[in-house]
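**Q** Here the protein sequences come in this chain order: A and B.
FYI, in the working numbering the residues of the first sequence are 1 to 329.
FYI, in the working numbering the residues of the second sequence are 1 to 790.
Among the clues, some could well be false.
[Unchecked claim] In silico DSBU-like pairs for lysine-lysine, Cα to Cα no more than 30 Å straight-line:
| no. | chain 1 | residue 1 | chain 2 | residue 2 |
| --- | --- | --- | --- | --- |
| 1 | A | Lys92 | B | Lys66 |
| 2 | B | Lys661 | A | Lys182 |
| 3 | B | Lys774 | B | Lys742 |
| 4 | A | Lys254 | B | Lys201 |
| 5 | A | Lys172 | B | Lys610 |
| 6 | A | Lys261 | B | Lys532 |
| 7 | B | Lys702 | A | Lys34 |
| 8 | B | Lys619 | A | Lys92 |
| 9 | B | Lys321 | B | Lys435 |
| 10 | A | Lys182 | B | Lys610 |
| 11 | B | Lys624 | A | Lys319 |
| 12 | B | Lys335 | A | Lys261 |
| 13 | B | Lys35 | A | Lys261 |
| 14 | B | Lys532 | A | Lys112 |
| 15 | A | Lys182 | B | Lys565 |
The set of hints was computed from the structure by calculation and includes no laboratory data.
Model, not experiment: these values are computed from the prediction.
The primary structure of each chain is shown beneath.
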Amino acid sequence: MMDNNSLNNLIISAKSDLEAGQSTYDLRIKYLGKNSEIFKSFKLLPSLSSDEKKEFGPLLNSIKANLELLLQEDVKTSKISQDYTAPLKVHKHGHSHPTDYTMALMINIFSKLGFKVFETPEIEDENDNFSFLRVAKDHPARDMQDTFWTTDEKVLRTQTTAFQRRALEQFKPPFAVIQAGKVFRAESEDATHLSELNMLDGFAIGTDLNFTHLKGVLYNFLRQLFGNDVKVRFRPSFFPFVEPGAEMDMMCLKCKGSGCKACGNSGWLEIIGCGITHPEIIESAGLDPNIYHGIAFGIGVERIAMRMFEMDDIRELVKNNPEFLEQLT
Amino acid sequence: MIRSFGKDRHSIQAQDDSEIISLNQTEENMKFVKKYLNTKLAAAEAAAIINQSVQEVDAVISTGVKASGVITVKIIDIQKHPNADKLRIITVDDGQTLTDIATGAPNIEVGQIIALAKPGAKILAVDHYNPNFDINQAEFMEIKTVNLRGVDSPGMVCGPDELGISNSVTSGLYIFPQNTPLGKKVEDVIPTTEIIETDDKGTAHRPDLLSYKGIELELSAAQNIKIEPKNYPVPENKLDGNMMVDKLDLQLAACFCIAKIEGVKGIETPAEIKQFLLDNNVKLINFSTDLTNYIMLLEGVPTHAFDESYAANNLSIRYAKKDELITVLNGQTYKLEGADIVIANKDKAMDIAGIIGGAESATNNTTNSIILTAAAWNPISVRKTSRRLSVRTEASARFERGLPPQFVTNSFISLVELFTANGAKLTYFNILSDKTPKDDSYTITPDLVFSILGIRLEQSQINRYLELLGYNIAKNNCVPPYWRKDINCISDIIEDVARLHGYNNVPMVIPNLINNSAIDSPTYTFAENLRKFAALSAYEVKTSIFSNINSAKSFEVKNPIGNNKYIKEDNLQAIKLAAQNFIHRGVEIFSLFEITNVYSKDENKSNELKVFSYASSLKIEDAKSELATIFHLLKINITKVKFDELNGEGLISFDSTVIGKFLNHKIRQTEIVIIELELEKLRKIANNKPEYHHYSQYPKIKRDIAFIAENTIKLGDLANFIKLKSELITSVELFDQFSDIKFGARKQSLAFHITFQSDSGTLTDAQINEIMAKIEQNLTQEYKVKIREE
Chain A
1 MMDNNSLNNL
11 IISAKSDLEA
21 GQSTYDLRIK
31 YLGKNSEIFK
41 SFKLLPSLSS
51 DEKKEFGPLL
61 NSIKANLELL
71 LQEDVKTSKI
81 SQDYTAPLKV
91 HKHGHSHPTD
101 YTMALMINIF
111 SKLGFKVFET
121 PEIEDENDNF
131 SFLRVAKDHP
141 ARDMQDTFWT
151 TDEKVLRTQT
161 TAFQRRALEQ
171 FKPPFAVIQA
181 GKVFRAESED
191 ATHLSELNML
201 DGFAIGTDLN
211 FTHLKGVLYN
221 FLRQLFGNDV
231 KVRFRPSFFP
241 FVEPGAEMDM
251 MCLKCKGSGC
261 KACGNSGWLE
271 IIGCGITHPE
281 IIESAGLDPN
291 IYHGIAFGIG
301 VERIAMRMFE
311 MDDIRELVKN
321 NPEFLEQLT
Chain B
1 MIRSFGKDRH
11 SIQAQDDSEI
21 ISLNQTEENM
31 KFVKKYLNTK
41 LAAAEAAAII
51 NQSVQEVDAV
61 ISTGVKASGV
71 ITVKIIDIQK
81 HPNADKLRII
91 TVDDGQTLTD
101 IATGAPNIEV
111 GQIIALAKPG
121 AKILAVDHYN
131 PNFDINQAEF
141 MEIKTVNLRG
151 VDSPGMVCGP
161 DELGISNSVT
171 SGLYIFPQNT
181 PLGKKVEDVI
191 PTTEIIETDD
201 KGTAHRPDLL
211 SYKGIELELS
221 AAQNIKIEPK
231 NYPVPENKLD
241 GNMMVDKLDL
251 QLAACFCIAK
261 IEGVKGIETP
271 AEIKQFLLDN
281 NVKLINFSTD
291 LTNYIMLLEG
301 VPTHAFDESY
311 AANNLSIRYA
321 KKDELITVLN
331 GQTYKLEGAD
341 IVIANKDKAM
351 DIAGIIGGAE
361 SATNNTTNSI
371 ILTAAAWNPI
381 SVRKTSRRLS
391 VRTEASARFE
401 RGLPPQFVTN
411 SFISLVELFT
421 ANGAKLTYFN
431 ILSDKTPKDD
441 SYTITPDLVF
451 SILGIRLEQS
461 QINRYLELLG
471 YNIAKNNCVP
481 PYWRKDINCI
491 SDIIEDVARL
501 HGYNNVPMVI
511 PNLINNSAID
521 SPTYTFAENL
531 RKFAALSAYE
541 VKTSIFSNIN
551 SAKSFEVKNP
561 IGNNKYIKED
571 NLQAIKLAAQ
581 NFIHRGVEIF
591 SLFEITNVYS
601 KDENKSNELK
611 VFSYASSLKI
621 EDAKSELATI
631 FHLLKINITK
641 VKFDELNGEG
651 LISFDSTVIG
661 KFLNHKIRQT
671 EIVIIELELE
681 KLRKIANNKP
691 EYHHYSQYPK
701 IKRDIAFIAE
711 NTIKLGDLAN
721 FIKLKSELIT
731 SVELFDQFSD
741 IKFGARKQSL
751 AFHITFQSDS
761 GTLTDAQINE
771 IMAKIEQNLT
781 QEYKVKIREE
């Protein structure tokens, strides 16, 4: 009733059925299903003597394994219906905007250094945007040609630095905050100027912050953004809300300092305005400027984007041209 | 040193006053002629030091000859070229030999001294036939003997462009003065002027940097060289009667200086001052004006000279009368207002204070006696008046920065000295000045320096830096020099220490900021995720804040650029314009998005709302799938999101909360769906904590149903109708939809997958057949569909 030869023949007959073109699905039913020889044989196994069990048990298992292997449902095959040589095509896809992409990168770097994201309104009080930051009433920046004013005397903020007053109101030092967002300048646009642009501002207050830290933070930022071999220099500059004030230059990535069109032949790119928070600002927040010191910096997002993508016209960033938007990010 | 206004950087010529007039105010850079900066450094080195420790340097310009091997020659004969109408043969003399040269130059005459590039010389190759030729891109070419139409020409005569001394392409030859020696190298005959152009924008608080003396002091200090300040002996006051009011209104000016100088007629301006003015691109006018121009450039203090016959008596400084008229040196007549300050005689205004002098009272060649004035004008007033009248002058640029009184009086004294030293006679002299004592003594300790700069300096080092900059040091106190009106607190002085120490000599340290590594703004984090997910299938765009749509709640801008004077209350219009741009650029299948603020005001409170704005040219169901995918990635339960549509627009809700709106637009032939969702509401319904749900262990069974239905049928309602037929139905999914004429007009074929599953056991065919029969029956009755039997 159970015989070696007929069991072994199962493999041969399954092979020839397969070659004859029968489907693995049907053959699995025939050779491995509930009515198959092997299934029936397994059912008989408990009734056999222990010697027979020793003989047929391993045999049945081996034949079953071989049949399983032979009748795999999922097999590699050389006969396929797909055309693998068809050209590559991208599925419908989208793109980050280069400005926002850059902004997110910048925020991530500062965030890792310990700066928290702190967002404030874009339409601000005159005080937050100007007076609090020591931009005096008679300062040229107050002129109509530079600032958009609403009819109810609010300001479309001209700098993300406008967040300093709210930061000082909301957080107890020590703190470190950043914000990136839209700022507005009532000036005509050209290859290097936009009237609606983005800026990132950083602001930290502590008892032991000084100029070395300002430099460290910013140098670290540029290294992470542009690579470890960036070269920087700091020069005196004037912003009413910092003292000392500085401008950070980065050696032109294109010409490595020898001077080219991208850097106006100077070899250096003006990239970050920064400084030590003016003591009057600390004082107006009710803090002792002899104890608390702050570092502050402001970076034009589009300027960084232009350097990252080696663009030469800033207006591309607001044109919403698909041919541009699909290039970079 | 001349201020250049306007992009072409042509300097503006001085009128007969120390107030140099400009009509264009776009650019304002100071230009310092290096040889007057009193330094042994090369221009580039000096510029690097100024840039690194004083203020930004925009450019170092050298005006010298760039060509080499070019000499001066005299034309002694001109002949026609035998074979060419446009060429001539000229014979030139270099003092030793005669040479025949063929040239096409138009402006030649016998006797002229011109520049000859001999074989081997290098000149700039200028393409005179290309109107777009950029002289800055010109390369050098070597001169060889050439044969021009049968005549050998051993050399070439040159124009200023070819010599490299012109900023533009020129057509004629460079002509030297008649007394120029022959056979000399042109670079020895045409002197090189090196100019350092500084960028003033960053130093609006430093009037002293608008002068040679100011830059010179800083440049020396940065090299550890101390310049001793000049001593100004004050002339004795000479008063004769009622020349001016004797009381000074400090609202008008912090000081006022006046002198009467006689006998200026016929005095020649000293040669070195003439040369200084010429090198600084300032026109020579007459003795009095040349001296005032000289002092302004040298020391930074503008002064004004009146003809004595107009100004002799009752000279006063006062606010202008309303609508008072004055005709000034640029020929314009201005109507003044009450806040403008003027210098007046007893009848009328003679000078708009700190900006420009009147035409009538100006000095001329016949003037013999002048009234010389100087003042520390109220900077705010000067700025306001100058802006309102659109007159920016060398004088107003300086007064706007606020000149300290002692800065003005010292300079005035040196100017008066210059007049008397050249033979004029001082007959009246008076200085009125703010005498308010200023408490400006500071103590700068090494600890203070450390607390701000993070570096340890010795007290002696700090003191040395400050001394170099002109501070008075007594023990450990320092008093800033009188010309530094920008020093008002300790931090200001520490900046001076840092500048001289070198910003780049301060080490860089990464601080250990508390709350390490935290973005900490849930809104920002959510918006970033949303942005990343949306950018998988849609283009991110950037739109303007301005709009032409107005409502009671919209902000209005007082000074818009263009016609859009309102601020957008939603982003529907803005993103539609972006979509329009895509269509105009020939892209037909696209989705766009932007995360932006929209703005409105309630009473006086301003509301800024972050929205997720989306526009797509896809069919609505595909656009919705795109959104659904984004929602899914944000863990928003899409089964709860509902669109309520009426006439192509409507609201989007989650459960019963409205989260946004949508509308349809047709641009050309393309239908666009525009969706706007409130970001904060999305954030609140996004479930960031995954939750475990029990699920059935028994198999799912799928059945399909296909039928012919009206094409107005609402698919969402239909699917819901089917689902409600049994609790065993877990999903109803449309997988096919098409129309065919054979179904009849306004009919379509629809096919759904229906999935069944039970929690309590494997479902049998009989159970499912029963439900399917019920569905078919109900659909036929309720929706009048015709079931398709395959």
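**Q** Please go over all the hints and tell whether each is borne out by the structure.
**A** Each hint, compared with the structure:
1. Lys92/A x Lys66/B: violated (58 Å)
2. Lys661/B x Lys182/A: holds (25 Å)
3. Lys774/B x Lys742/B: holds (27 Å)
4. Lys254/A x Lys201/B: Holds, at roughly 27 Å.
5. Lys172/A x Lys610/B: Status holds; Cα separation ~27 Å.
6. Lys261/A x Lys532/B: With a Cα-Cα distance of about 34 Å, the restraint between Lys261/A and Lys532/B is violated, given a limit of 30 Å.
7. Lys702/B x Lys34/A: Holds: Lys702/B and Lys34/A sit about 25 Å apart, inside 30 Å.
8. Lys619/B x Lys92/A: At roughly 14 Å apart (the allowed maximum being 30 Å), Lys92/A and Lys619/B satisfy the hint.
9. Lys321/B x Lys435/B: holds (28 Å)
10. Lys182/A x Lys610/B: Answer holds: Lys182/A to Lys610/B is near 13 Å, not above 30 Å.
11. Lys624/B x Lys319/A: Distance of about 27 Å is within 30 Å: holds.
12. Lys335/B x Lys261/A: violated (46 Å)
13. Lys35/B x Lys261/A: holds (29 Å)
14. Lys532/B x Lys112/A: Holds - the C-alpha atoms of Lys112/A and Lys532/B are around 19 Å apart, at most 30 Å.
15. Lys182/A x Lys565/B: holds (18 Å)
When held up to the earlier numbered hints, the structure conflicts with 1, 6, 12 and fits the remainder.
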